[in-house]
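**Student:** Heads up: the sequence lines are chains A and B, in that order.
Residue numbers for the first sequence, in the numbering used here: 278 to 540.
Residue numbers for the second sequence, in the numbering used here: 671 to 987.
Treat the hints as calculated values from the structure; they're not laboratory data.
The C-beta atom is built at its ideal place from N, Cα and C for all residues, glycine as well.
Among the hints, a few may not be true.
Pair by pair, the computed Cβ-Cβ distance ranges are [stated by the list, open to error]:
no., chain 1, residue 1, chain 2, residue 2, range
1, A, Asn389, B, Gly790, 35 to 43 Å
2, A, Arg502, B, Glu701, 18 to 26 Å
3, A, Asn535, B, Asp882, 25 to 33 Å
4, B, Phe844, A, Gln371, 35 to 43 Å
5, A, Glu523, B, Asp882, 45 to 53 Å
6, A, Glu481, B, Gly790, 53 to 61 Å
7, B, Asp882, A, Glu510, 28 to 36 Å
8, B, Glu721, A, Glu523, 56 to 64 Å
9, A, Arg472, B, Met830, 52 to 60 Å
10, B, Arg859, A, His428, 15 to 23 Å
11, A, Ile474, B, Glu884, 20 to 28 Å
12, B, Glu870, A, His428, 32 to 40 Å
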Amino acid sequence: MKALVTVKEVVTVGDEFEIEGTEIPPQYLETELNEWDSFALEEAVQLREADVIEEVVTVTIGPESCENTIRQALAKGADRGIRIWDEALEDVSQLDVNAKTDILSAVVESENPDLILSGVQAGDDGFGATGVSLAREIGFQWGAVVNHLNHEIADGVAAVRRELEGGIEEETEIELPAVLTIQSGINEPRYASMRGIRQARQKELASVTLTDLGVTSDAVTPELRLTDMYEPETESAATVFEGDAEETAGRLADLLENKGVVQ
Amino acid sequence: MTDVLAVADHRQGSLRDVSFELVTAAAKLTEQTSGDLHLLIIGGPVEEFAEKLNLQGVDVIHTVDEGMEFNHDVYVQAVTQVYKAVAAEYVVAPNSANGLDYAPAVANTLDLPLATDVIGLDATDATLAVTREMYGGKVATTNELDGSAVVTIRGAEWPMAAETGTASVKTVDFSLDEGSVGSRVTGFRETTGGGVDISEADVLVSIGRGIDEEENLNIIRELAESLDATISCSRPIVDSGWLPKNRQVGQSGKVVTPDVYLAIGISGAVQHVAGMKGSDTIVAINTDTDAPIMDIADYAIHDDLFDVVPALTEQFQ
């Protein structure tokens with residue numbers, strides 16, 4: 278079996294930043310491997326180590342600058358990577374779920390995986406929808422918010438647990454081929470070892486365009502028009518204890534005594 | 671005139687709160703579009719649910735009596751069938767674990783744009799403006815969509831509808847394509863049981879990502895001991911394996927309502943806040959003055975937890 282793992286390089290914003298129009302200037306931005314995708318990748322690598330999967334391929338939509346992030350995924354055990362970029366994507370500030378679905382479905386067609394693992398959501402735009410949308414597009418089964426996958430996959434059926442709200446998990450059997458969106462905490466993502474980092478440099482990282490995939494630029498025209506970006510208003514009505522740590526701790530201790538927490 | 675189709679959420683025989691919040695959000699939308707609000711209930715005790723959801727603003731309740739629990743294949747088929755039958759423009763679904771398991775598939779099947787985890791909806795003529803957050807809640811955005819769309823709404827953003835309404839109830843003549851059902855729910859399990867019950871605690875010392883490393887939990891244990899308090903945490907601490915699941919406060923953990931909740935190094939992601947906002951007194955210790963936890967804190971210390979926590983423990987030793 279082959280596993281395809283979606284790997285996204287996400288943008289993170291520090292505590293201090295500014296907004297210009299509908300963008301945050303690059304000096305306030307950093308990038309990293311999407312946290313949820315790192316859990317998805319780890320799950321795929323563990324499946325390969327358990328001889329359930331033979332090959333783990335990553336797929337990323339992003340410019341050349343995100344190759345370091347893809348190399349990280351390769352260093353953590355993926356066998357090879359695919360990066361998709363195109364001029365048509367350069368001016369798109371926010372890629373819609375449907376556009377990602379069209380692009381990724383073209384990759385699925387050429388790679389023909391049995392299992393697709395995707396993070397539940399991306400830490401930047403947080404749509405949380407691409408995996409399920411992709412599954413529907415390509416006619417795979419799916420499961421969203423998966424926080425356990427039984428590695429003994431028998432008769433083409435995966436036994437998973439989905440994390441619901443309120444400390445409840447749903448136990449579900451899903452026929453393969455399938456897309457699973459992976460929730461954090463399903464495993465412990467490994468760090469890339471020095472050996473892994475060295476090996477990653479030699480691994481194949483293919484760069485393909487939308488044209489290569491047969492996807493037209495119309496498919497990536499945004500359906501959601503980003504018209505405004507702002508910092509949510511702070512509504513804090515908190516009483517702030519000022520001073521150094523000893524002073525603030527003293528004020529808090531008084532409060533706790535007044536509340537009867539301590540005598 | 672733009673009609674809206676809202677899809678209720680339920681589990682193990684009970685409607686979830688977000689179903690009532692959906693009614694509020696969708697009713698406001700139909701007010702703006704002068705359309706009708708169609709509410710869809712799929713599975714479970716549908717007649718009982720229809721009675722409870724017959725609320726002001728709902729025009730028609732459609733029931734699909736198919737199974738007792740959620741199955742995404744059933745939901746996708748039922749939503750798309752009813753959407754077409756009533757000629758609605760917008761589908762409004764909850765941004766819950768189940769909503770995320772069928773709404774993207776509905777949008778794909780109907781070839782509609784999708785906006786998830788929406789916290790604001792505003793319709794004018796043929797344009798829908800949705801408010802969403804990005805970068806973990808640091809930024810809010812407005813996105814506009816033309817024509818029809820599927821949106822999922824974040825829980826606890828709209829008040830729960832409560833006023834009884836006069837909706838008509840219709841049973842959908844639903845035919846399930848059994849061949850397309852490729853997944854089966856085989857059971858449920860509780861993950862937060864066993865050991866300490868944080869929902870019973872009067873005082874919680876709760877820790878988040880700010881603790882940085884597992885060894886640093888020691889200063890929290892010392893504080894909790896000196897206060898005779900119970901330790902709880904946010905999701906990343908459980909994901910890291912530093913504390914068990916029964917200590918997790920939040921949407922996928924436990925809901926707690928202690929007398930005092932000390933939020934230490936917790937930014938206050940919406941999923942966490944959902945589980946602790948009912949605490950009587952909330953104290954936040956965090957260097958980030960703009961952290962969302964500050965919005966619901968009664969008292970705040972904008973300082974490094976590694977300085978404040980030992981100093982606080984010292985006060986009681």
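**Student:** State for each hint whether it applies.
**Tutor:** Hint-by-hint comparison with the structure:
1. Between Asn389 of chain A and Gly790 of chain B the Cβ separation comes to about 41 Å, which falls inside the hinted range of 35 to 43 Å.
2. The beta-carbon spacing between Arg502 of chain A and Glu701 of chain B, approximately 24 Å, falls within the hinted interval of 18 to 26 Å.
3. The supplied range of 25 to 33 Å is met by Asn535 of chain A and Asp882 of chain B, whose beta-carbon atoms lie about 31 Å from each other.
4. Range check, Phe844 of chain B to Gln371 of chain A: Cβ separation about 36 Å, and the 35 to 43 Å hint holds.
5. For Glu523 of chain A paired with Asp882 of chain B, a C-beta distance near 22 Å fails the hint of 45 to 53 Å.
6. Hint check: Glu481 of chain A to Gly790 of chain B, Cβ distance near 45 Å, so the stated range 53 to 61 Å is violated.
7. Taken as a hint, the range 28 to 36 Å holds for the pair Asp882 of chain B and Glu510 of chain A, whose Cβ atoms sit roughly 30 Å apart.
8. For the pair Glu721 of chain B and Glu523 of chain A, the supplied restraint of 56 to 64 Å holds, since their beta-carbon distance comes to about 59 Å.
9. Evaluation of the 52 to 60 Å hint for Arg472 of chain A and Met830 of chain B yields a pass: the beta carbon distance comes to about 55 Å.
10. Between Arg859 of chain B and His428 of chain A the C-beta distance comes to about 18 Å, which sits within the given range of 15 to 23 Å.
11. Ile474 of chain A and Glu884 of chain B have their C-beta atoms about 25 Å apart, which keeps the hinted 20 to 28 Å range intact.
12. The hinted window of 32 to 40 Å between Glu870 of chain B and His428 of chain A holds, with their beta carbons roughly 36 Å apart.
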